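*Asks:* Start from chain A and add chains B, C and D according to the hints.
Line by line, the protein sequences are chains A, B, C and D.
End of the first sequence sits at 235 in our numbering; the numbers just go up one at a time, nothing left out.
End of the second sequence sits at 235 in our numbering; the numbers just go up one at a time, nothing left out.
End of the third sequence sits at 235 in our numbering; the numbers just go up one at a time, nothing left out.
End of the fourth sequence sits at 235 in our numbering; the numbers just go up one at a time, nothing left out.
To be clear, the hints were calculated from the coordinates, so they are not data collected in a lab.
Possibly wrong hints are sitting among the right ones.
Which copy is meant is left open, because identical chains are indistinguishable; a pair holds if it fits in one copy or across any two.
Said to hold, decoys possible - For lysine to aspartate or glutamate, the following DMTMM-like pairs were computed, each having C-alpha atoms within a straight-line distance of at most 25 angstroms:
1. K231 to D22
2. K163 to E213
3. K120 to D69
4. K144 to D22
5. K163 to E207
6. K163 to D69
7. K231 to D209
8. K120 to D76
These figures come from a predicted structure and were not determined experimentally.
Protein chains: 4
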Amino acid sequence: MEVAAHGDAMEIKRQLVDAIRMLAAADIVDHSGHGSVRRDSRSFYVNSGASTRAALTTDDIVAVDLNGNLVDGSARPPLEFHIHSEIYRAREDVHAVLHTHPRWSTLLTMVGEPYKVVYAQGALLGAIPLLDSPLSVNTKPMGEKVASTLGAHPAILLKSHGAVIVGSNMLECFALAAYLEENACRQYMAMQIGTPYVFSDNERDMFRERLWTENLFRKTWDHYYSKLHHS
Amino acid sequence: MEVAAHGDAMEIKRQLVDAIRMLAAADIVDHSGHGSVRRDSRSFYVNSGASTRAALTTDDIVAVDLNGNLVDGSARPPLEFHIHSEIYRAREDVHAVLHTHPRWSTLLTMVGEPYKVVYAQGALLGAIPLLDSPLSVNTKPMGEKVASTLGAHPAILLKSHGAVIVGSNMLECFALAAYLEENACRQYMAMQIGTPYVFSDNERDMFRERLWTENLFRKTWDHYYSKLHHS
Amino acid sequence: MEVAAHGDAMEIKRQLVDAIRMLAAADIVDHSGHGSVRRDSRSFYVNSGASTRAALTTDDIVAVDLNGNLVDGSARPPLEFHIHSEIYRAREDVHAVLHTHPRWSTLLTMVGEPYKVVYAQGALLGAIPLLDSPLSVNTKPMGEKVASTLGAHPAILLKSHGAVIVGSNMLECFALAAYLEENACRQYMAMQIGTPYVFSDNERDMFRERLWTENLFRKTWDHYYSKLHHS
Amino acid sequence: MEVAAHGDAMEIKRQLVDAIRMLAAADIVDHSGHGSVRRDSRSFYVNSGASTRAALTTDDIVAVDLNGNLVDGSARPPLEFHIHSEIYRAREDVHAVLHTHPRWSTLLTMVGEPYKVVYAQGALLGAIPLLDSPLSVNTKPMGEKVASTLGAHPAILLKSHGAVIVGSNMLECFALAAYLEENACRQYMAMQIGTPYVFSDNERDMFRERLWTENLFRKTWDHYYSKLHHS
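Bound conformation, chain A alone:
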């Protein structure tokens, strides 16, 4: 599914807003996470730096070029827009980026424990590279380092800081952000009472092949969305 190609700007903004609100409701985004959707080869939509994540509206979405200059809207993008711009520059296949501050995933990085696949949906992330610095990604060189460490992976962890997840569209990106945190939570919890079983390469490959479907991504999205509206 290519959201950007089929939707108009308002629909894209609406989906970006929903993704961030669902992540805030799930405590995967706190007061300062951000998400973006590619607008074209040289610009992207992103929530403004000052926006209230848990109460986000489409008015909080601006569009900036790959140098962070506003091309639509008047509020400033987040200081860490370099995460988005440098990934869009490096990865033509990426049309959505989420920068989250997820509790469980980050706890693993705080103690030097690598992410391991311990649950089916977690296989979709595979091995996740780590940026070994807690500093903010608020310069172009830092953004470039995030992009080069990410390489062709779907996600990267930032030590004692957070995560960056990418996708070919926002539905996929959102689902991966949720699976990353759910797998990390189970890994952390199991570590408290023993050594968690790590999926074999074969098991991991089987799940990746079977579960990487728009149907599952949409079901995950709908599950979180239903919680948003009932809470």
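*Replies:* Chains B, C and D only, in chain A's frame:
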């Protein structure tokens, strides 16, 4: 109580919907759990694979035969319908099946810790067999393996994956699913600060005899139901 | 404050209902806890065994004599009414009893860890005796054992089962039930990362003297009550 | 931003009420925390001792002089008003004080574990001095000890009791109270599975310089405020 015998189809669907919604609200079912109620010797009701569990309605319930062919409704059953069909085939006494993704019970399986009875209602489950594979139960042979491992027990754990609970009706099945998770939670939590007291065989038998009553199952159902409507 | 003396029956029932609903909302009472208020020297009010705790109303309150015979209302008292009757028989000073199933306090008993005072309000409980059996208190001899183990204390823990808290009125009884669980929670949590500081006898006595006030009990009640109505 | 100078009394009270209600919703304040805003060199606004924190209104705010004598309103200030009065006496730069009972920060003090900077916003607190006594601060000498131990720091921890946070205005004070608890939570959680990475002095200084901005404080406030209104 034989729900299927006394209720009409809509009442059965309503009860199935309520059970899944209560389990989703309690985080025992996530975006992809499923439940079923036997319809007759050759078919059963089940929520569709694409349905949003936390916002389920009776329109999401379909009926399929033991080979997964639709006999009522138009949406597809879950890919793991084999869990239900093979158990209904093997166990005439079973009229309700729940496949949950419970956090605490699954954590025990992730570290190789067997379920132990550490709390009164947990005695109703007794020793719980384990299917030693994290793979999905999406083939007939896998379903047969679940059924044969289950044997005459009320529940089975699937390593790093989830649980299957059966009952002579949905009220009983739901209550057992709740007790399984509550007992596993206490077992896990106690393991973090010491070694939990495991009920003696005598204590276990006394509780099983005294607590296996429709009254308690209904009280448990009503307790969860009241939370659903107040949240 | 002597609630029973100044209030009429409906006010007493109302307060009992509120106490149980607040404890259910705080997960200190589950589907089968119960509470009572003394009616006179030979009877007490108690929620019926079948009542839904989280949605309790004054219609769920019955009155029974010290042998469990109904003197007001038509629903059956809990099977464990002996907890209440035997304490009222043994302790003239007690006018309210709560039987809770608190998570944290019970976890301590599961691993043989005694309750220790680690937080100011926890000093009001002091040392808490333990009934060393997980069995239900559903006979007169078991009720007598609870009463004799309780002695002159304000609370008793039941191994792998729950707690019983008593008070000269329901406000005091409720506040003590909340403090017991809050102290146990902190004790458990601290044990996971070290050895918690236990208050000296002197500190304990100072807090007991200063904090045992109707003002504090009412403030605690109001705090939980405000959460009940805003949730 | 100098709230007191620009706002009128009602606006100051409103902000104080919001801060305490947000902290109560986040379980950082329980039934007995309190907050204050400086009124002038010799008096301050504070919530009354008997007020219900989770349902606070501006009617619960009184003004007292530095000896605790009422200068506005009729309800009594908290018994621990000495925390506020002695800090206002000692620190001219302080215009807002919060006394919280935060779970995670307090757990660290219970086991003798010092607060360490393990997360970006946690750097704003730096090293936090400890008052090595669990007793209430309900005398002038105890208040003076809190003020002298606090020195020029933005916060102090009280062993097995709670925290005191100060700020040049309530927005800053609230944000620091939230960051303290969030950092302590991560420190505690990471300790359960390993040894958390502690920020280097250089990293700490960089974050303190970059993050100490009214923009971030306001965004944090708005984030918590949005949760208050949606819950």
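*Asks:* None of the hints should be skipped; say for each whether it holds.
*Replies:* Now the hints, each set against the structure:
1. K231 to D22: Both: 12 angstroms inside a copy, 16 angstroms across copies.
2. K163 to E213: between (29 angstroms within a copy, 20 angstroms between copies)
3. K120 to D69: Intra 36 angstroms, inter 39 angstroms, cutoff 25 angstroms: neither.
4. K144 to D22: Classified as neither; 28 angstroms inside a copy, 39 angstroms across copies.
5. K163 to E207: Between. Shortest inter-copy distance 13 angstroms satisfies the 25 angstroms Cα cut-off; intra-copy 28 angstroms does not.
6. K163 to D69: neither (28 angstroms within a copy, 47 angstroms between copies)
7. K231 to D209: neither (31 angstroms within a copy, 40 angstroms between copies)
8. K120 to D76: Cα proximity of K120 and D76: none, with 40 angstroms in one copy and 42 angstroms across.
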